[in-house]
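Colleague: Spelled out, the chains give:
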Amino acid sequence: MSSAAWSPSSLRRSVAVTWRTLRSMRTALILLLLLALASVAGSLVPQVGVAEARIAAMVRDHPLRARIYESLGLFDVYGSWWFTLIYVLLLVSLAACLGPRLRAFLRNLRSRPTPARELDAMRHYAQIVVPGDPDGAIRRARRVLRRRLFRVSVPNGAPALAADKGLAREGGSLLFHLAFFVLLIGVVWGKGTGFSGQAVIVEGETWTEAHANYDGTVREGRFFGEDHSGIQLRVDDFEATYRATGQPRDFVTRGELLDARGRPVERVEIRVNHPAELGGVRFYQFGYGWAPVIRVERDGVPIADGPIVCTQDAPAELSPLQVPWSCVVRLPTLEPQVGIRFELWPDRRGLLSLLQTGEAMPMLVQYAPVMTFEAFEGDLRADRVQSLGVLDTVAMRRFETGVLGAGETVDLGGGLTVSFPELRQYAVLTVSRDRGLWIVLFAAILILLGLIPALYTSRRRLWVEAEAAGTGAVLKVGGFALQRRSQFEEEFGKVVDELRGASGDRVGA
Amino acid sequence: MSGGSWARLSTDAFTVAFFAYLIGMLASFHHLAFRRKPVWVLAMAATAVGVAAHLCSIVGRGIAAGRIPLGNMYEYSLLLAFLVVVAYLVLVEGVGRVRTVGGFVLAFAVITMAVAVLFLYVGPEPLIPALNSYWRQIHVGSMIVSSSLLALGSVITILYLVKERHERRVAATTPPIMGGSVHLEDAPPHFEAGADEPAVSTGPARRGLLPPAATLDRLAYRTIAFAFPIWTFGIITGAIWAESAWGRYWGWDPKETWSFITWVIFAGYLHARATSGWKGRRAAVIALVGFLSLLITYYAVNLWIVGLHSYAK
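Residue numbers (this note's numbering), protein chains in the order written: chain Z, 1 to 509; chain C, 1 to 313.
It should be emphasised that the hints constitute simulated quantities derived from the structure, not laboratory data.
Don't be surprised by glycine CBs; every beta carbon is placed ideally from N, CA and C.
Among chain Z residues calculated to face chain C with C-beta under 10 Å, some are:
#1 Leu33
#2 Ser39
#3 Ser196
#4 Arg243
#5 Pro275
#6 Ile452
#7 Leu455
Partial list, computed: chain C residues near chain Z (C-beta under 10 Å):
#8 Glu125
#9 Arg218
#10 Thr232
#11 Ile265
#12 Gly268
Non-contacting residues of chain Z with respect to chain C, defined by C-beta distances greater than 12 Å in every case (computed):
#13 Gly99
#14 Pro115
#15 His124
#16 Gly204
#17 Leu278
The whole structure should be built from the sequences, with the hints applied where relevant.
Modeller: In structure tokens:
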């Protein structure tokens, strides 16, 4: 590239052209429509964090298409570089446009309405005769317009005035647009310094807010300073209630919040729509499940004892209430190693119904819970990456199956016994911290506050001149509105009427 | 009365409202074509009966379910159609004094109600916990009010496009001295009546019965500008509700995404109105794209796209 092509003046020119293009309303309009178009893509293609299962299905069934989508960022549209580019360009264009407008608005705000000539050439014009001298007529006109909340300025010398109204329109519009920067700051700061994840807490257990304690991954923001709060939540009781139809009525997690040193702070009831909060960390009711307490003993010595979190993999055509829960107990210290797979029926009648009629019955309450189990021995292959709820039985042999009711104990042989003393529930809570919440809410309120005057008020200007005519004065009134012209016609008529009325008697037009 | 009889009252009133609107629609179209005053009176009377029955249907539904009837798509559609008709009566007939738009608005209400009863009907049932929040009334209420206004504005926009095209054609084919008729040879005997009086019902002249394009344009703009802040408010309250129910104020759930898309398109419309070269037809086309997006937001997301709002089906 020759140096001539990049001389400072041509560079400056191209920067100026780019800047001017960015500032134009047309560019903003096209960017807005592009933003809408890009969002459409995000609603049609399954997105990371919203529809993970459908992404996995596409990777499996259409690997080529999935790879193309992946490389285009279509699985994460709202985090992709091109989506970011569109809204950043939109905000830059907005800034470019708002700068001069803001300056002009502030100038306008400080300055007084300027005088005008040739009032009779304006869109609205009226000429009336009032008694009294011109200066008095102007004083009265000033009063009339002030009462109507016009800004009025009376120039020195001439018996005339200039008035205007409706700065709120431009002010509102500026507020509306500026609020988007506040919104962006709130979103970036809040998401950037915050985190969000899920906690699985069994009844009776205490959970500490720390990176390692989340179930699955915890999403931490880009500017997150590893400052997890360390506060604790002890869950005493979880309760799910259903109507007779199987429709859920209420989900409640009851417990106590403790600060980072373990001191109790307050008792809480976490419901859907009613999160609990401590130190900016919020707990939302998300889901629940069953956690049977399972004790395994060998020769009377306990080798495993505690609640086991059961999960569910319900097929789409069945309600999750109709499907049993499954969980796994691993005993790696035994030789050979032992793994036991359980299927839990929180309501015994669910299992009986399936066995007798082949129909799955919804299990709404805990009723004589029962588990079926399969015990395996061999190699657990614990050195491989495994899913917590799935037993890898490739190197194992099944040696026992059976049924285990609540409060019962079964003998697996070889001195091994398994008992099921009680069934508990666990609560799944979404735990998050978003410090930008209040900034975002504030920005949203500013957006609304700006929008209303920006759409519903109008800018109008009015001038009055007075001339002596015989014993009275001739008032010339001219004006125009930049928006809502038909309404201004009415307002203008009323102003003229009031100017006439202000003089005490009607002298004709 | 028991819940069952309230539910029956609700469905009966629905039927009355549906057929009243249908009669009102046919009468409005008849009036549009032939300008008979009694037919207009009939249209208004039928519409009034429809609105009264419609209100009974909504109230009956609420009592039968024991809650404010804003819990599923059937109930939303019921209120949406109601508000479109009421907004039409207040804004177009009342404030705008335009008497020729009614048939199209009632057609929209009739279609909405037909879709509601055919595809979206569910019995009056209590709500699942996620919906059990006072934000529901505020969020859903403002979404439905603004949807009905946006729908009304879009119906008027369609009429504007038809009329604007006609006016352009007339301006192009007729020497200015001749006034309003397109076909001078077969001009009717009462042609002298004046350019503002409609000619007989030839194709293009029938369209001439609509109010001037400028009036329709202004009316459409006002309606949409009225709806836009309410839509904005609806999105904001939805975000507040989502924050308390799901732990985040925005998660790009399909319904959220589409309400945002609709918002962006109508924001584009409002900007286009202030941009030279985009006023009039181009802006109107943007409004129609926005209307399409509104329909997707309202129907498609619940019926075909799986998301957190799916329960609203």
